[in-house]
Amino acid sequence: MKNNFRLLKLSAFCGLAMAFGLNSCKNELETPKSAATEGTSDATLAVVTVGTCGANTLISSNTTWSSGNTYVIRGNIRVVNSSTLTIEKGTVIKGECGANLIIERNANINAAGTPSFPIVFTSNQPANKKTRGYWGGVIILGNGITNQGTKVPIEGLTSTSGTDYGFYGGTNNADNSGKLQYVRIEYPGTEVSEGNEINGLTLGGVGNGTIIDHVQVLYSQDDAFEFFGGAVNPRYLYAYGNSDDDFDTDFGYVGKVQFAVGVKTVSSEPGTGASNGFESDNDATGTTATPRTNPRFANVTLVGPCSSPGDPAVFGQALLLRRNSQLDLYNSVISHWNNAITVQAPSAIGNPGVDLKSIYVYNNGNLSPSPLAGVYRSGNEPRFSPCPIPCYSTASAIASGSGPKLIPYSDVTGTTPPGIGFVATNYRGAFSASAANNDNWNLRSENANFKWLSFPCEGYAQY
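In case it helps, mature numbering (1 follows the signal peptide of the UniProt record, and there is no 0) puts the sequence shown at residues -19 to -1, 1 to 444.
There's no promise every hint is true.
Unchecked claim - Straight-line distance between alpha carbons at most 35 Å, and here's what the computed DSBU-like set of lysine-lysine pairs gives:
hint	residue 1	residue 2
1	Lys110	Lys160
2	Lys132	Lys160
3	Lys132	Lys70
4	Lys432	Lys160
5	Lys338	Lys386
6	Lys386	Lys110
7	Lys432	Lys386
Stated by the list, open to error - With beta-carbon atoms standing in for the labels, derived distance ranges:
hint	residue 1	residue 2	range
8	Asn91	Thr375	31 to 37 Å
9	Asn332	Ala265	16 to 22 Å
10	Pro352	Pro327	16 to 22 Å
11	Thr375	Thr269	49 to 55 Å
12	Ser351	Ser174	42 to 48 Å
13	Asn332	Ser366	31 to 37 Å
14	Ser381	Lys160	26 to 32 Å
15	Ala405	Thr271	40 to 46 Å
16	Ala265	Asn407	37 to 43 Å
17	Thr266	Gly400	32 to 38 Å
18	Lys110	Arg364	34 to 40 Å
Keep in mind that the hints were calculated from the coordinates and are not lab data. C-beta atoms are modelled at their ideal positions from N, C-alpha and C, and glycine is treated no differently.
When you get a sec, could you build the whole thing from the sequences and use the hints?
This is the structure in structure tokens:
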């Protein structure tokens, strides 16, 4: 969440000169196109175009995007009216001119990829000329509880008078918006105004009936994952090389996230503001509005910008807790962050809802306040050395290259607090020194390649 917390107006842009506000799409909303029948296809290339730059296209009946096609999305593709968009495993979706895929309240997404056949969202650019922010991102809106009311405009989109589109929130933290599994989101983050962009995956009021696991966001111009209220419980999240925060929590989010990675690269440097691992706020001004933002995270590994000695100012904190937010973090590892953990008043360690336990901070990362109970700070640890961060620029290397070395040494142990809904682990960080414990990541050895994760150099991609 940005410092100004303005409600943003989306200018979905296409080409060099034209920009359209969403309110200019009134006719689109009154007489929507059917995305299932609108697409134009090329039988040879199997390319299907969905949507129009600067406009809304509504998916108002159950629709399937097939793995035999590549889908090019333009403008705002909105799944509405309790409809379900099914995306088959192995499908590639390419966005352009600020495109967003938006799952509105009461609609569903059924995107179940597999380790070998992930669903990939990327920019509609050549595979060696990708740019972050070329398209928007994936936005899921649910009926979960927020501390801002039951009809909240989602950040980055303009709500449209007379419709329910672009809003999230309600009274049901068990709400079900579908599933997102083995999904990769590349080069998202359209700039909607100076310093304000769409996130890779935005979750507004998403309930814990929704299944989200094995999702990677890389090279976003904004946050990788942002949670606004709700109680969704994702697992196996991987943020790589993103410009802003890896995990941003706001407006009463109370879900549980286990097994998560945030890796910064030199190219993570944002245009404005600071790039953090975690950023958590209760709301824009730090009120005590309820429910308080109080997520729980366990088994997290956060790696800062290895190649930037002294940690330039644009890289903020591995964990920034502020504005009356609460947050629990267990069994985690922080490395190569100059500022590891910062807790700003009125958020405070020792207050109910703020709990840090079994956290290792390597490379003498700063703590504020210091010391912090439950946080162990040390110098360089040669047995845990993720740097340099690898990246790949040829098609074969991108397809087969392994990621950062995040497997800890065997005595990095920890204990998950019982009774709070996490899988019990005896190690700290997202990965275990025991390969068997990593099977659910689908990572059987440190150098194994599984296609759902990708580590290209900036500007490159598999598709």
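These are the hints, each one checked on the structure:
no.: 1; hint: Lys110 with Lys160; verdict: holds (31 Å)
no.: 2; hint: Lys132 with Lys160; verdict: holds (23 Å)
no.: 3; hint: Lys132 with Lys70; verdict: holds (33 Å)
no.: 4; hint: Lys432 with Lys160; verdict: holds (19 Å)
no.: 5; hint: Lys338 with Lys386; verdict: holds (24 Å)
no.: 6; hint: Lys386 with Lys110; verdict: holds (27 Å)
no.: 7; hint: Lys432 with Lys386; verdict: holds (17 Å)
no.: 8; hint: Asn91 with Thr375: 31 to 37 Å; verdict: holds (34 Å)
no.: 9; hint: Asn332 with Ala265: 16 to 22 Å; verdict: holds (20 Å)
no.: 10; hint: Pro352 with Pro327: 16 to 22 Å; verdict: holds (20 Å)
no.: 11; hint: Thr375 with Thr269: 49 to 55 Å; verdict: holds (53 Å)
no.: 12; hint: Ser351 with Ser174: 42 to 48 Å; verdict: violated (37 Å)
no.: 13; hint: Asn332 with Ser366: 31 to 37 Å; verdict: holds (35 Å)
no.: 14; hint: Ser381 with Lys160: 26 to 32 Å; verdict: holds (28 Å)
no.: 15; hint: Ala405 with Thr271: 40 to 46 Å; verdict: violated (30 Å)
no.: 16; hint: Ala265 with Asn407: 37 to 43 Å; verdict: holds (40 Å)
no.: 17; hint: Thr266 with Gly400: 32 to 38 Å; verdict: holds (34 Å)
no.: 18; hint: Lys110 with Arg364: 34 to 40 Å; verdict: holds (39 Å)
Taken one by one, the earlier hints fail for this structure at numbers 12 and 15, listed in ascending order.
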